[in-house]
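For our numbering, count along the sequence shown from 1 and bump the result up by 111.
Treat the hints as calculated values from the structure; they're not laboratory data.
Treat the hints with care, since some could be wrong.
[What the hints assert, rightly or not] 25 Å max Cα-Cα, derived DSS-like pairs, lysine-lysine: (1) LYS356 / LYS321; (2) LYS250 / LYS321; (3) LYS391 / LYS405; (4) LYS317 / LYS391; (5) LYS170 / LYS391; (6) LYS143 / LYS195; (7) LYS143 / LYS231; (8) LYS391 / LYS173; (9) LYS358 / LYS231; (10) LYS317 / LYS294; (11) LYS358 / LYS119; (12) LYS173 / LYS250; (13) LYS321 / LYS151; (14) LYS321 / LYS173; (15) LYS314 / LYS294; (16) LYS284 / LYS422; (17) LYS268 / LYS354; (18) LYS422 / LYS317; (19) LYS119 / LYS143; (20) LYS330 / LYS143; (21) LYS125 / LYS151; (22) LYS268 / LYS284; (23) LYS239 / LYS268; (24) LYS249 / LYS354; (25) LYS250 / LYS195; (26) LYS391 / LYS268.
[What the hints assert, rightly or not] Derived DEER-like restraints, expressed as beta-carbon distance ranges: (27) LYS151 / LYS292: 14 to 24 Å; (28) TYR132 / TRP377: 25 to 35 Å; (29) VAL347 / TRP237: 34 to 44 Å; (30) LYS314 / GLY204: 43 to 53 Å.
Ideal Cβ placement from N, Cα and C applies to all residues, glycine included.
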Amino acid sequence: MQVLVAVKLDQQMKQHFESSYPGITFHFSSSKEETEELIKEAEILVTGGRGADEASLQKADKLKWIMVISAGVDNLPLDVMAEKGIMLTNANGIHRIQMAEYAISSILAVARNERAFLKKQEEHVWDKNLMIDEITAKKLVVVGAGAIGQEVARLGKAFRMHTIGVSRSGSPKDHFDEVYKQKDIETVLPHADYLISILPSTKETKYFYKESHFDLMPKHAVFLNMGRGDAVATDVLLDALNKEKIKAAVLDVFEEEPLPGDHPFWDHERVVLTPHMAGKSPHYNERAMDIFEKNLAVYTDEAADKQYINKIDLDRGY
């Protein structure tokens, strides 16, 4: 069996796989060209995306399983994988800690008016008149109540926030005081002091947030998007900010990435933005490869009933 790893791993991790699985040949690719050549003989591909494009998959006649070390799979040719009978798994769940920390630190930064204080520091101005707020006891709405959303809610509870989850099923989830179905989101929007979006990009969630949603939110509300940029149209969000329908937006994801240098979000006084990095962590590869290794044990087990972690339904896209 040949496993192609098109992910940058440290030498210790490479040695771990080579020594732990003597019956498997591991190839560690360092370039696109090398990946395109090695994928022809690979049965398993571990990748951040390289080698999982349509052109490469058409050459991969022996490929049976792709492990993507990201959560999002919306940019992959799922139809080609389905046609060729290739299983797809992802690294859903490994972003829980760092993304929850990003969310809480961001809403704290907005509440404490840190952007204004940093500007005053740069100007060497001692200004004690800047207003600050608290997040304690506020209402936190999390749209996407999976592993990341539950961790956000858990941290929110440390600030005695009232946590409201929104999910496809609306079933109870850990650390949420209430959970609603996505179709009932308009019920909770008028109560949202902070709305955190962790929606993936699927047929059901593209442009999920409409103008009417921002009309329902309190004017002091903060909208944070760290799921997918296409959950809301840029012009809809920009209009909500310009008309002061909401207080501010914290954005890690955008419709177009990288964000163009002349985009109004860069200089908007009500926007705090980061370059799609909320999921980054020094422990990222370690956590992703742990999921791969657990699934590899399942894959090589001869048992008929195989229960994989994060197996993707190629028709649904998640």
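Against the structure, the hints come out as follows:
In summary, the hint linking LYS356 to LYS321 is supported, as the alpha carbons are separated by about 13 Å, within the 25 Å threshold. As the CA atoms of LYS250 and LYS321 are separated by approximately 21 Å, the hinted pair is consistent with the 25 Å bound. Among the hinted pairs, LYS391 with LYS405 is consistent with the structure: their alpha-carbon atoms are about 22 Å apart, no more than 25 Å. For the hint pairing LYS317 with LYS391, the CA-to-CA distance comes to about 23 Å; that is within 25 Å, so the pair holds.
Simply put, LYS170 and LYS391 have alpha-carbon atoms about 32 Å apart, too far for the 25 Å limit, and the pair is violated. With a C-alpha separation of about 22 Å, the suggested pair LYS143 and LYS195 falls inside the 25 Å cut-off, and the hint holds. For the given pair, LYS143 sits about 46 Å from LYS231 by alpha-carbon distance, which is inconsistent with the 25 Å threshold. Taken as a hint, the LYS391 and LYS173 pair is broken in the structure, with Cα atoms around 32 Å apart against an allowance of 25 Å.
Among the hinted pairs, LYS358 with LYS231 is consistent with the structure: their alpha-carbon atoms are about 21 Å apart, no more than 25 Å. Between the alpha carbons of LYS317 and LYS294 the distance comes to roughly 14 Å, so the proposed pair stays at or under 25 Å and holds. Under the criterion of a C-alpha separation no larger than 25 Å, the hint pairing LYS358 with LYS119 is inconsistent with the structure, at around 41 Å. Distance check on the hinted pair: LYS173 and LYS250 sit about 51 Å apart at the alpha-carbon level, beyond 25 Å; violated.
Between the alpha carbons of LYS321 and LYS151 the distance comes to roughly 45 Å, so the proposed pair goes past 25 Å and is violated. Between LYS321 and LYS173 the alpha-carbon distance is near 44 Å, which puts this suggested pair outside the 25 Å criterion. Between LYS314 and LYS294 the alpha-carbon distance is near 14 Å, which keeps this suggested pair within the 25 Å criterion. Of the pairs offered as hints, the one joining LYS284 and LYS422 holds, with about 21 Å between alpha carbons and a cut-off of 25 Å not exceeded.
The straight-line distance between the Cα atoms of LYS268 and LYS354 is roughly 31 Å, outside the 25 Å bound, and the hint therefore fails. With a C-alpha separation of about 22 Å, the suggested pair LYS422 and LYS317 falls inside the 25 Å cut-off, and the hint holds. With a C-alpha separation of about 12 Å, the suggested pairing of LYS119 with LYS143 holds against the 25 Å cut-off. The hinted pair formed by LYS330 and LYS143 fails the criterion: a straight-line CA distance of about 48 Å is larger than 25 Å.
Using a Cα cut-off of 25 Å, the hinted pair LYS125 and LYS151 holds, with the two alpha carbons roughly 21 Å apart. For the suggested pair LYS268 and LYS284, the alpha carbons sit about 14 Å apart, so the restraint of at most 25 Å is met. With a CA separation close to 30 Å, the supplied pair LYS239 and LYS268 exceeds the 25 Å bound. Distance hint between LYS249 and LYS354 is fulfilled; the C-alpha atoms sit about 23 Å from each other, no more than 25 Å.
The straight-line distance between the Cα atoms of LYS250 and LYS195 is roughly 47 Å, outside the 25 Å bound, and the hint therefore fails. Using a Cα cut-off of 25 Å, the hinted pair LYS391 and LYS268 holds, with the two alpha carbons roughly 24 Å apart. Between LYS151 and LYS292, the C-beta spacing of about 46 Å breaks the proposed range 14 to 24 Å. The hinted range of 25 to 35 Å is not satisfied by TYR132 and TRP377, whose Cβ atoms lie roughly 47 Å apart.
VAL347 and TRP237 have their C-beta atoms about 39 Å apart, which keeps the hinted 34 to 44 Å range intact. In this structure, LYS314 and GLY204 break the distance hint of 43 to 53 Å, their C-beta atoms being roughly 23 Å apart.
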